[in-house]
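Trainee: One line per chain: the protein sequences are W, X, B and U, in this order.
Our numbering puts the first sequence at residues 1 to 287.
Our numbering puts the second sequence at residues 1 to 663.
Our numbering puts the third sequence at residues 1 to 145.
Our numbering puts the fourth sequence at residues 1 to 267.
Mixed in with the good hints there might be a few duds.
[Unchecked claim] The calculated lysine to aspartate or glutamate pairs, modelled on EDC-like cross-linking and capped at a C-alpha distance of 16 Å, are: (1) W:K207 - X:D467; (2) W:K207 - X:E551; (3) B:K8 - X:D117; (4) B:K8 - B:D91; (5) X:K233 - X:E316; (6) X:K516 - B:E135; (7) X:K621 - U:E173; (8) X:K487 - X:D467; (9) B:K31 - X:E106; (10) W:K207 - X:E466; (11) X:K621 - U:D234; (12) X:K404 - X:E551; (13) W:K214 - X:E465; (14) W:K214 - W:D181; (15) W:K214 - X:E466; (16) U:K126 - U:D234; (17) W:K207 - X:D117; (18) U:K139 - B:D91; (19) X:K23 - X:E84; (20) W:K155 - X:D394; (21) X:K473 - W:E187; (22) U:K139 - B:D94; (23) U:K262 - B:D91.
FYI, nobody ran anything at the bench for these hints, they're computed from the structure.
If you're wondering where the values come from, they're calculated on a predicted model, not measured in any experiment.
Chain residues, written in single-letter form:
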Amino acid sequence: MRIGYYPGCSLLGSSREFNESVKAVCEAIGLELVEVPDWNCCGASSAHVLDHELSVALPAKILAQAEAAGLTEVLAPCAACYSRLIGAYSELEKNPDHKTRVSEIIEMPYTGAVKVVNVLEVLERFADVIQAKAVQPFARKVACYYGCLLVRPPKVVNFDRPEDPQVMDQLAAKVGATPIDWPFKTECCGAAFSVTRTDLVAKLCGKIVDSAVKLQAEALVVACPMCHSNLDMRRPETNAALGKDLQIPVLFLTQVIGLAMGIEPKKLGIQRHMVPVAFNAPTGAQA
Amino acid sequence: MSRIGVFTCHCGENIAGTVDCPKVAELTRQIPGVVHSVDYKYMCSDPGQTLIKEAIKEHKLDGVVVAACSPRMHEPTFRKAAAEAGVNPYLCEMANLREHCSWVHEKNEATTQKAADLVRIMVEKVKHDTPLTPIKVPVTKTALVVGGGIAGIQTALDIANAGHQVVLVEKSPSIGGHMSQLSETFPTLDCSQCILTPRMVEAAQHPNIKLMTYSEVEKVDGFIGNFKVTVRKKAKKVDEKACTGCGLCVTKCPNKKIPDEFNEGLAFRPAIYVPFPQAVPNKPTIDTANCTYFKNGKCGVCSKVCPTGAIRYDQEDELITMDIGAIVMATGFKLMQTDKFPEYGYGKYKDVIDGMQFERLASASGPTAGVIKRPSDGKEPETVVFIACSGSRDRAKGVPYCSKICCMYTAKHTMLYKHKVHHGQAYVFYMDIRSAGKDYDEFVRRAIEEDEAKYIRGRVSRIYEEDGKLIVKGADTLMNGEPVEIKADMVVLATAVQSQDRSEDLAQTLHISYDKYGFFAEAHPKLRPVETNTAGIFLAGACQAPRDIPETVAQGSAAGAKVAALFSQDELTREPIVAVVNRQAPPLFSTCTGCFLCQTACPYQAIEQEEIKDRSGRVIKTVAKVNPGLCQGCGTCVAFCRTKAIDLAGFSNEQLFAELMTL
Amino acid sequence: MSEQFEPKITAFVCNWCTYAGADLTGTSRIKYQPNVRVLRVPCTGRIDFMLIMKAFERGADGVMISGCHPNDCHYTSGNYHARRRWMVFRDLMDFMGIDTERVTFSWVSAAEGAKWGALVNEVTDKIRALGPNTEQKQLVGLGVE
Amino acid sequence: MESLKQKAKELLEAGEIKAVLGYARGTSDTRRPHVAMSALEVDKLVADQACTTNLANLLMKHEIKHLGKLAVVASRPSTLRSLLQLTAEHQVADGAILALVPAEGGVKQLGTAQAFEEHLALVPQKKTEKDQALLDRLKAMPRAERFAFWQKEFSRCMKCYACRNSCPMCYCERCTMDCNRPQWVPVPSHAVGNQEYHLVRAMHLAGRCVECGECGRACPVGIPVHLLTFFAEDSVRAQFGQGGGASATIDNALSTFRPDDKETFIR
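Pulled out of the complex, with its shape left as it was, chain W reads as follows (with noise of 0.2 Å):
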């Protein structure tokens, strides 16, 4: 099987751990990833506040490439790129007049025949497959953080709860781990603050922190570049904010399915982390 791929700019920048994880479990669950050829940015940040017309040509440029390329389907790890991709590909479907202007715009043809997921979307497709691969299973309680991106606005992106997602906590059962039930799954990091306004993103990710290690959870699961630095990269801020020294690392959910299939830490991107990844208990010592 082959599907699209737009890493983006974190996933080749701040984010490497994630470009390299995603890829590192797609080829060992089978799935050929299809780099989407020229690709441009997806506007994400400042396009979409600026000029409304550019927030949509440049995903549906990034779509109409891979429309050229013969993919149908187009997979964007990062959540914000994911939300301006399906953003856009959401507009142009409701109002498809507009396409022949995009197009225009784009100096390509687009159709919408191309469609956006993000990285739960396509693991929840192979979760037989990956609880089959799991040889060392996750064995640990996890605090899956979904953020504000992946499963919202529920009209565009029509996927899992808007409230109380359930997808990543189901994907990290497979690898044994033991979700908690939280409420802080969709709350704030602060995502672009991270640099006008640490201090927001301090106090904000430290209620997030805070109340994962005090329901007992081991590791924060994340599938967004964003949430990772703020969580992972802030946590000095944040933990002075909290007054407190947490330590719990912050992983990519493909970096927890990655170490449960055996995959080589290194290949992961395990090292790239901030917060080191390491655990006061043993393996499956909570349980």
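Based on these hints, arrange chains X, B and U on the given structure of chain W.
Mentor: Frame of chain W; chains X, B and U shown alone:
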């Protein structure tokens, strides 16, 4: 040659604003057969009608076309006027220049042309109109009231007190409905059961009311004055005549862990049960889905202990068919369930309850005997958050309409809570306070000012559990959207009022319309609020839209009065728009060949077979015959008949043909 | 032809749903093009297929037929009967080479005022684009030889 | 042929029937309908490949109707289908007419609608290759071309109504064509009236046509009018799963409905 008068109405500016009415009058004057054509500012006004009547006399008109608004609006008005001036009312037709022309088109020549065309169509129709006389049908003076809540009880009592027979059908084992579950009622805080129970008893004992509990309407045929209704009387598995209502079976039933519907799941009941102590009739019913005997044939305790041998495990559902003259729908509402709210935990938190559950907690007859205890651990909640508009006015995830009763009952809840937990604090999150009604706003002010409920204008974005408390996160929009976080012991959601489950199915059984939310549709939102589009079927209470008790009672009485008015005559006058099978001179007798394929096409079983006999009684021919009492005038048979032997009065082949020929 | 072709559209609508729906279009002041002429019948079940042919004979460029949605017929099932009839009639029209593009069947309820307005506009635009119903008009023109 | 005559004589002699409606030798090689009420007349009966006319058409004629109980020679399945459809439409009482079906080594006597249905289940019915080919060709044509085809065909129609009169299902005492208040279909045989006439005829036979093809054979100018009713019948069968002349008890497809009837064109 016809002598037709055309009367073009300006409807003030409504028509004249876009249509050149004098020109329409002038253009239509030239149509052959039109002998008089004028325009006037308001044809429906008294002077307007007089103008028509005088013109009929002066010009000896034999047909009238009023070019004005929709015939659905004023056809009866003008037909009456025509009749008063001596023209058969069915020779008066309306051309719809307002809804179908002036209101939907721009002011220009094409619009005026269209207006003239619309008149031309109706002139041709009038030319082929035949004088018709209304049909008289007898009326069965028994009403069926569906639903035994306060709406149905009120309606039934009013009709019965007017001296007519009533069959009151209730699907659950007791009448009383939602009102019997309430603790106290706004804005007087009088005890709900204290005012309702006497009405329930009165309904049960009324000589003119036949009570059918645990029964549902299965089938409705016929038409106004002459319905044939089949009711399924579900088997209670208890012989109501033999049972004395001693309650021994209820106390002895070993299976006592069934969630109690009357207490909204906050308590349990046995498999053989009486819904609540004041139930009417006060006789038990076996819940066969949960009864051990019906599950595996063992047990049989109730049968063994019954002193009168009233338990009937072999009792079957009964189908009872009856003749009914009018039907009142009073099937009530249901509340949206708490599991519909993702941000409030999809119903997983035990202490997030809905308004009706709070009523049971506050009710002296409830599971806690009126002491406010939270469901999870039975502790007295010291902080309670009430969330109004839970699902109401929520276009994204709930229903767009206002549920109407929540503002008031939430205010009532804060008061009941404060009166029982003196040191407790109630918070109310709201969007707007809608307290229009006699003594209503005063009531809400009392909740805020005397009982110190804290009202916060804003929505709650999330509820989660932490350390045994419910963390309620919201915003106070009157404080610049400042985030608010309240650690509550219990949360009460004023969930949206919705139509009953399967209300669409029931509406289809009765052939009445319903809106997209499943509420039954009234015939006119302002002028015919308790009637449906199907003659002889009326509405009362929350099955039509969210309603509070005073409105429900008023509507129940209104529907009762409608039925009483209908029953005040022995015969009904019906529109003569019915199908007729032609009769011809011998040897043809009729162009009908007697294939009777029309019989299966008729939705009303109105087509019968008639034998045409010669003098010696020998059957010459068998042809179709339409029963005018049953025919509703849809014309399906007319379009189906190959020999054109059937025609529809008022919409005949000749008329439609002539209308088409004008185009 | 310098002047734009204005199509002639004949509509047969049932009294209870579409006629009331079209009334609502008016009450809501939703504008649509004035090419349509509405003939009111009690029910779609009343619409004889010959009426459609007669409309063409009288020079209609397009015909609209509309009634209550399935399940919502005022007469319970008139629209179901009509639907079966149309299913065969439309097939047969097509087999005889009569342009079915010019006949629009629809369900418009009493609450769908906006739908009626939009539908009339859509049909008017479509028929305008198709041009005059020359095929049928020529038949009339041929007359008796 | 001999067994048919034998059977006819037996039935007449036993008084079970008053007459046999069959075929006799016509001029040249043709066969014509023949009513036999006596042994002498029975001897004129023929039964061979040339006997193709659907005799059911005659059953509805006044003169035949009044003869009393009949036996009709059903050399083709469409005659039995006609009998079933006429029974369903209350024109013939079940059991009132016997059908004599020439069969391998004798003649089969069928007396009830149920027997007709059972017999029909055994004999396959197919359109002739020629008809099927033309139908397929027409269906494959672009619409405008199909329109031109039929208009060219109809241009020869002179409204002689032979197609109507030869049809066993066109038994109405007064046809829509003769209805003049209003005059639904213009009387003269011009283009509009011809198109409308053939459309009406096909619509009126939809769900009722027994596919005998009599109408097409009757047409003096060779218009394949039978394809119109064949097509309508195919459409009904394809969409509603039941057709004309299949049963005396199942309700007609076009006077009944199913709430879940599926179409694709209603907006």
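Trainee: Now tell me, hint by hint, if it's right for this structure.
Mentor: To see whether the hints hold, each was checked on the structure:
A distance of roughly 15 Å separates the Cα atoms of K207 (chain W) and D467 (chain X); the hinted pair therefore holds under the 16 Å criterion. Between K207 (chain W) and E551 (chain X) the CA atoms are separated by roughly 48 Å; this puts the pair beyond 16 Å, and the hint is violated. This hinted pair checks out: K8 (chain B) and D117 (chain X) have alpha carbons roughly 12 Å apart, not beyond 16 Å. Simply put, K8 (chain B) and D91 (chain B) have alpha-carbon atoms about 24 Å apart, too far for the 16 Å limit, and the pair is violated.
This hinted pair checks out: K233 (chain X) and E316 (chain X) have alpha carbons roughly 9 Å apart, not beyond 16 Å. At roughly 43 Å between alpha-carbon atoms, K516 (chain X) and E135 (chain B) are farther apart than 16 Å, so this suggested pair is violated. As the CA atoms of K621 (chain X) and E173 (chain U) are separated by approximately 12 Å, the hinted pair is consistent with the 16 Å bound. The suggested pairing of K487 (chain X) with D467 (chain X) holds, with an alpha-carbon distance near 10 Å, which does not exceed 16 Å.
Between K31 (chain B) and E106 (chain X), the direct Cα distance comes to roughly 8 Å. Compliance with the 16 Å bound is thereby established for this hinted pair. Annotation: proposed proximity of K207 (chain W) to E466 (chain X) holds, straight-line Cα distance about 12 Å (limit 16 Å). Under the criterion of a C-alpha separation no larger than 16 Å, the hint pairing K621 (chain X) with D234 (chain U) is inconsistent with the structure, at around 33 Å. Annotation: proposed proximity of K404 (chain X) to E551 (chain X) holds, straight-line Cα distance about 11 Å (limit 16 Å).
Restraint check for K214 (chain W) and E465 (chain X): the C-alpha separation of about 13 Å stays at or below 16 Å, so the hint holds. Between the alpha carbons of K214 (chain W) and D181 (chain W) the distance comes to roughly 12 Å, so the proposed pair stays at or under 16 Å and holds. With a C-alpha separation of about 10 Å, the suggested pair K214 (chain W) and E466 (chain X) falls inside the 16 Å cut-off, and the hint holds. Proposed proximity of K126 (chain U) and D234 (chain U) is supported: the alpha carbons are some 12 Å apart, at most 16 Å.
Taking the CA atoms of K207 (chain W) and D117 (chain X), the gap is near 72 Å; set against the 16 Å cutoff, the hint is violated. The straight-line distance between the Cα atoms of K139 (chain U) and D91 (chain B) is roughly 11 Å, inside the 16 Å bound, and the hint therefore holds. Between K23 (chain X) and E84 (chain X) the alpha-carbon distance is near 28 Å, which puts this suggested pair outside the 16 Å criterion. Pair hint K155 (chain W) plus D394 (chain X) holds up; C-alpha atoms about 15 Å apart against a cutoff of 16 Å.
About 12 Å separates the Cα atoms of K473 (chain X) and E187 (chain W), which keeps this hinted pair within 16 Å; it holds. At roughly 9 Å between alpha-carbon atoms, K139 (chain U) and D94 (chain B) fall within 16 Å of each other, so this suggested pair holds. At roughly 14 Å between alpha-carbon atoms, K262 (chain U) and D91 (chain B) fall within 16 Å of each other, so this suggested pair holds.
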